[in-house]
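Residue numbers (the working numbering), protein chains in the order written: chain A, 1 to 207; chain B, 1 to 84.
Hints are not guaranteed to be accurate.
[Claimed, not checked] These stretches of chain A come out as covered by chain B in the derived footprint (C-beta under 8 Å, 3 or more residues):
hint, stretch
1, 79 to 85
2, 144 to 150
3, 183 to 192
[Unchecked claim] EDC-like mimics (lysine to aspartate or glutamate), calculated; alpha carbons at most 16 Å apart, straight line:
hint, chain 1, residue 1, chain 2, residue 2
4, B, K5, A, E65
5, B, K74, A, E58
6, B, K45, B, D13
7, A, K37, B, E64
8, A, K62, B, E72
9, A, K75, A, E160
10, B, K45, A, D54
11, A, K197, B, E22
12, B, K69, A, E117
13, B, K74, A, D49
14, A, K178, B, D42
15, A, K75, A, E165
16, A, K37, A, D23
17, A, K75, A, E168
18, B, K45, A, D123
19, A, K178, B, E72
20, A, K178, B, E64
21, A, K178, B, E28
22, A, K199, A, D139
23, A, K94, A, D54
24, B, K74, A, D54
25, B, K74, A, E65
26, B, K52, A, E160
27, B, K69, A, E160
28, B, K45, A, E21
29, A, K37, A, D123
30, B, K45, A, E190
31, A, K191, B, E10
32, B, K74, A, E117
33, B, K69, B, D42
34, A, K37, A, E21
35, B, K69, A, E58
36, B, K45, A, E122
37, B, K52, A, D139
38, B, K52, A, E126
39, A, K146, A, E190
Just so you know, the hints here were simulated from the structure itself, not pulled from any lab data. Since the model is a prediction, treat every value here as computed from it, not as a measurement. Backbone N, C-alpha and C define an ideal beta-carbon position, used for all residues, glycine too.
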Amino acid sequence: MPATTTAEVFDESALLAKAREGDLAAFNELVNRYSRKIYRLAKHITQNDEDAEDVLQETFLKAFEHLSSFQGQSKFYTWIVRIAVNESLMKLRKRKSDRTVPLDEPLDMGEDTVVREIAVWEDNPEQKYSREELAGILDEAVQNLKPAFRTVFVLRDIEELSTEETAEALGISVPAVKSRLLRARLQLREKLTRFFKRKGDDVFAYL
Amino acid sequence: MLTCKEFLQELSDYLDATVDVELRRRLEAHITNCPNCFVIFDTTKRTIQVYKGMQPQALPQDVEARLMKAVERKMSGKKPGASV
Numbered sequence: 001m002p003a004t005t006t007a008e009v010f011d012e013s014a015l016l017a018k019a020r021e022g023d024l025a026a027f028n029e030l031v032n033r034y035s036r037k038i039y040r041l042a043k044h045i046t047q048n049d050e051d052a053e054d055v056l057q058e059t060f061l062k063a064f065e066h067l068s069s070f071q072g073q074s075k076f077y078t079w080i081v082r083i084a085v086n087e088s089l090m091k092l093r094k095r096k097s098d099r100t101v102p103l104d105e106p107l108d109m110g111e112d113t114v115v116r117e118i119a120v121w122e123d124n125p126e127q128k129y130s131r132e133e134l135a136g137i138l139d140e141a142v143q144n145l146k147p148a149f150r151t152v153f154v155l156r157d158i159e160e161l162s163t164e165e166t167a168e169a170l171g172i173s174v175p176a177v178k179s180r181l182l183r184a185r186l187q188l189r190e191k192l193t194r195f196f197k198r199k200g201d202d203v204f205a206y207l
Numbered sequence: 001m002l003t004c005k006e007f008l009q010e011l012s013d014y015l016d017a018t019v020d021v022e023l024r025r026r027l028e029a030h031i032t033n034c035p036n037c038f039v040i041f042d043t044t045k046r047t048i049q050v051y052k053g054m055q056p057q058a059l060p061q062d063v064e065a066r067l068m069k070a071v072e073r074k075m076s077g078k079k080p081g082a083s084v
């Protein structure tokens with residue numbers, strides 16, 4: 001018999017089929033495969049450990065519950081991300097409804113693409129920091145983005161969903177995803193420049 | 001030549017390589033001649049790279065334990081697409 005075990009482990013449709021039949025080990029394998037990413041996503045959007053844990057559990061419980069209706073047209077990961085995004089947004093709205101920009105509100109592109117600081121970065125600036133320090137810098141920069149920008153950036157550039165998948169998950173248009181992503185990226189660039197710029201090499205320019 | 005503002009509006013699509021050949025040529029011409037926009041292009045590209053390189057951390061042990069318990073409880077109660 002050929003050694004198919006490795007292929008089997010990575011073959012998601014086989015895992016899904018087994019999980020649908022109620023195979024606990026198969027579903028656990030799917031949970032293990034994606035739980036860290038789902039937890040990270042939930043933490044980024046909700047900015048709260050307790051909410052993130054609730055989202056993590058709800059996502060996999062709902063996925064299990066609706067497994068039979070998952071058609072396999074999209075990837076399993078994209079499907080559970082959509083569940084996790086919905087759960088996270090509900091938490092976010094509940095907790096911060098008074099000071100959150102609604103995700104479907106049109107945002108003015110205007111002056112927010114203004115670039116305030118232009119400085120060349122060091123060659124490998126991230127090497128100046130320990131892994132924990134770097135993670136702290138990157139996380140904090142993302143947390144400081146407005147929710148509408150943060151969610152788009154997290155889905156596109158951290159979880160690596162496509163523009164279309166992001167639009168679908170957030171219920172916004174493709175142009176809205178694109179304009180928010182641009183602003184998020186430029187704002188993050190600016191925040192990271194403070195840490196990563198080459199010393200004594202400031203170029204002050206306003207565009 | 002594109003203005004800096006026009007360049008910035010297209011920067012994301014340029015970095016995602018979703019612009020057509022003609023626009024890409026004009027964007028490349030712009031950064032060849034505009035050092036400021038080149039720096040913005042380069043540092044934005046690296047911003048994206050540094051985030052993409054970030055691996056998710058392991059779940060805190062207690063969080064993982066509670067998740068597995070919740071999943072197990074759910075699965076023992078009900079099977080998807082099958083009656084109990």
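Tell me the hint numbers this structure goes against, listed in increasing order.
Hints 1, 2, 4, 10, 11, 12, 13, 14, 16, 19, 20, 21, 22, 27, 28, 29, 31, 32, 33, 34 are the ones this structure does not satisfy, whereas the remaining hints hold.
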